[in-house]
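Start from chain G and add chains C and S according to the hints.
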Amino acid sequence: MKKGPAGLLLLLFLESLFFALVLVFLVVEEIIPILAVILGTVVLSFVLVKYERLNAFLQDLFSHYRKTAVAWGLIFVLALPFILHDSPYLIHLLFLSGLFAVLAIGLDFQVGSTHLVNFATAADYGVGAYTAALLAVNFGWSFWIILPLSGLAAALFGFLLGLPTMKTKTYYLSLVTIAVGLIIYLLLNNLSWTGGSDGIAGIPYPTIGGFSLGNSVRLFGMELPFQANFYYLVLGILFLEFVVARRLYQSKIGLAWNAIRDDEIAAACQGIDVTGSKIMAFYTNAFFDGLAGAIYAFNVGFIAPENFAFMLSVIVVTMVIIGGMGNVTGVIFGAVIMTLIPEKFQVVQSYRLWLFALIIIIMLLARPKGLFPQKTRQYA
Amino acid sequence: MDDRPILQTRNLSIYFGGLAAVNGVNLDVPYGKTVGLIGPNGSGKTTFFNLISGIYKPSDGEIRFKNENLTGCKSHQITRKGMARTFQNNRLFWQLSILDNVILGMYTKQQAGLIDVVFRYKRVRRELAECASRAMEILRYFSPELSEQPERLAADLSQGDRRRVEICRALASDPALLLLDEPSAGMSPEETDKLMEDIGKVKERFRDISIILIEHDMTVIESIADHVFVFNYGKKIAEGPYADISRNEEVLEAYLGKEADDA
Amino acid sequence: MAHFAEIVFIALMLSSTYILIAVGFTLFFGAIDIVQFAHGDVAMLGAFVAIILYGLAEATGMTRVLPMVVWVAGVIFFTLIITGALGVLFERVVVKPFRKAPLLMVLVATVALGIIIRESVRLFYPEGSNPQVFPKLFPQASFQVGSLYFRAEHLMIFGISLLLIVGMMVFINKTKIGLAIRAISQNIEAASLMGINPDVTIMITFFAGSLLAGIAGVLTGTYFNVVKFDIGLMGGIKGFSAAVVGGLGNFNGAILGGLTLGVVETFASAYIPGGTAYKDVYAFIIVIFFLVFKPSGLLGERVYDKV
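Protein chains in written order, with my numbering: chain G, 39 to 418; chain C, 2 to 264; chain S, 3 to 309.
A portion of the hints provided could be inaccurate.
[Said to hold, decoys possible] Output of the computed footprint for chain S on chain G, the stretches with three or more beta carbons under 8 Å from beta carbons of chain S:
#1 84-96
#2 200-209
#3 388-395
[To be verified] What follows is a set of in silico ranges between Cβ atoms, one per label pair, in the way DEER data are often shown:
#4 A7/S <-> G19/C: 41 to 47 Å
#5 L52/G <-> R208/C: 54 to 60 Å
#6 I397/G <-> K176/S: 41 to 47 Å
#7 Q160/C <-> N199/S: 26 to 32 Å
#8 V338/G <-> I287/S: 28 to 34 Å
#9 G187/C <-> K176/S: 40 to 46 Å
#10 E198/C <-> Q416/G: 52 to 58 Å
#11 S235/G <-> S131/S: 47 to 53 Å
#12 L52/G <-> A156/C: 39 to 45 Å
#13 N199/S <-> R127/C: 23 to 29 Å
Don't read these hints as lab results, they were simulated from the structure. Every residue gets a Cβ at the ideal spot worked out from N, C-alpha and C, and that includes glycine.
Chain G on its own, in the form it takes in the complex:
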């Protein structure tokens, strides 16, 4: 195994190659190069799986220089709006990917760690978004106050939803979450104070100091479109959630979730309050969904029930299944590729759902643990 400067340079080179590939994928519009990139990635992953030694070598390299690799990756992620400053649409796409990543990490608490089937993500998300919208439009409060309130509102909703339903078996729970999602959708569509099917419009852009996030921003001598502001905002929330998720997994809470996943009865016999743990998975998930909902509401300025339909929940479930159950980085990856790839195939836009569902089934049959399965816990 190479140590010393040679290894470090190799790592940086490989990472930069990967970033270049990502940029090409983002920027190019013709279908052929896009397909080439996707095909190349698939081939590459097969190669990695087949050649154990190559795989092991890369893993070693990465974990040896972990801090540098992560730092370099962070620099790339932060620099993206600068690189793409001419393409506000692409930055907006990245913003959406980040939003979905927030939803997916939260859902992983339930689906990935605890194997609870939850199809109500859209409901939590919607509660967060509508709370934000109603507070903004009716009271004019600042975004920064509304944000945590939306999270709390969604968390309360998640808690109330979890409370009576956590005693039920998995298959009943799936039905309940689907039903609740549909009820929320129906209520949003029919209640007058939620604006009915027209939704709520006129949500202003957030401001910091005097600066509105709706304006383009000048950073390091470069003019970035306003979408970059939201991109950085969602990155901040994502970062927070990432830290919280990692901590949850490496704690008695995460251990309890996994225990419940593997054997509920044995888990109870270790002293785990199974119902309480499940409810906690619900409201921690819901909290972040609510934050995402608020950010979404303030980004698009107007929300309607159709943004919070059952399909959204299914899409987020796909992201978790593809990315890797119980693996936070994997789930982020799943969210990003599942947001970006369909956007690239504009010609197949109407096939999007169909493809999603097909991918779910293929993934479940071929690689049920996801692209990046959960890693075994390490104790120093």
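Positioned in the frame of chain G, the structure of chains C and S alone reads:
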């Protein structure tokens, strides 16, 4: 040391459909002793364990643990009071490592909650590290080979190793009462000897522990049980030292033709 | 406001649909402890299959040459067979591979299957996203009882549905194959030791359940005159709810649950102001109530975990 029994049941019963799987059982488990629970298949032994560990809710009767009425309590509440158990068909957390399994045995001793995880993570990390080292200690004491590869997944273990990890997990919570459900099932004579040794180690390290042991292998019962209860058709039909009950008419009749190995 | 008797009839028709779908859910759950979330979409496929078969019959002139009884019976018969076969196909592809896997897998996989079915119809059937006119399979007469009007076609399809439900009951309870199905619900290993082929029995179960779903599709098409690609989503959820309310795994429970849901929904939307917009909400509130307070359902047995 206590004179009072660690566990008492009075008229404990459970009905499935119209059938009484456990029928009016009165039992006193003396403090600090190892008691055997024997009886033909289907006599209600495991159901009895499920009742006292809170997995089933009794249809009738009372359960007192450490002189506290725990009838109808849920498993996690009972475990927190100091009871731990193993299962007839090994219920480990298959997708978790050996070490994680044993650490989970200590769940009741861990304090860190959601607030700590989010805001005071150092505390969580420290607590977890302590649990990890305690878990390693238990593993080393009972199974040095297992302690060398603590990150192996439980699903990858051999049957004997699985048993051992399950016992380690049960002991991790430092229980007052340990329930062992057929620990020697499927074991060869050599493995059974090792098992008896292990149980001896348990009693040595955990001096005041009380153990209830469901067993079909009478050599195990004979050598380690201080007292034996015999079940048949959900009822307790006899109790006493092994020497006595192995000569008891009713006990022999219950087993006659059902077990090939007796005494 | 419609006449009370008419409302009762509507409730009966709706209940029949729910019962037909609920029976499938309950049979599948009873046999192999799974929930096939795309079962409602199988019913939708039944309706579309009927439309296609009718189109074929018309195009080949059979509707003019043969007596109505014959070609209608033919269309319905083959709809049932094809829908049943589709149900088995789905089981082979999306349920069987997950038999030993955690329940999460088959739940998510069948939800995905439902999406594929719906989207396939929407994308690949001509004008798939629009409502499709359902053919008139029955005489269009209507007759009067007192001051009430009833349509012959509603009564006929209701009668056929009833017949099939009763037939299924007899099948399950009185035939050898039905016995095999009940045996594998109890204990699949013991059943196979007794010489029952569990795999074949499972396929038969799925055929039977999907067949009933097929008639549910025809019932829906006949009653509403149009069908759309997405009717299976709600239908399936309601059917599953009905099975749960009655007691999942319990055949009589499916009937009782279907009745309960149909009656509640019809009467609530008829008599509670706010009406039909919220009709789905009423049904779901009932379901959630049961799941929370009595998950074993009205008639279900309390299942103990095997420890």
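Evaluation of the provided hints:
1. 84-96: Coverage by chain S is violated here, the residue count being 0 at a Cβ distance below 8 Å.
2. 200-209: holds (count 7)
3. 388-395: Check passed, 6 qualifying residues.
4. A7/S <-> G19/C: 41 to 47 Å: Roughly 43 Å apart at Cβ, these two residues keep to the hinted range, so it holds.
5. L52/G <-> R208/C: 54 to 60 Å: About 58 Å separates the Cβ atoms of L52/G and R208/C, which means 54 to 60 Å holds.
6. I397/G <-> K176/S: 41 to 47 Å: holds (45 Å)
7. Q160/C <-> N199/S: 26 to 32 Å: Holds: the Cβ-Cβ distance is about 31 Å, inside 26 to 32 Å.
8. V338/G <-> I287/S: 28 to 34 Å: holds (32 Å)
9. G187/C <-> K176/S: 40 to 46 Å: Taking Cβ atoms as reference, G187/C and K176/S lie about 42 Å apart, which means the hint holds.
10. E198/C <-> Q416/G: 52 to 58 Å: Violated, since E198/C and Q416/G (Cβ atoms, about 32 Å apart) do not stay within the stated range.
11. S235/G <-> S131/S: 47 to 53 Å: At 19 Å between Cβs, range violated.
12. L52/G <-> A156/C: 39 to 45 Å: With Cβ atoms ~33 Å apart, the hint is violated.
13. N199/S <-> R127/C: 23 to 29 Å: Since N199/S and R127/C have Cβ atoms about 58 Å apart, the given range 23 to 29 Å is violated.
Hints 1, 10, 11, 12 and 13 from the list above are not met by this structure, while the remaining hints are.
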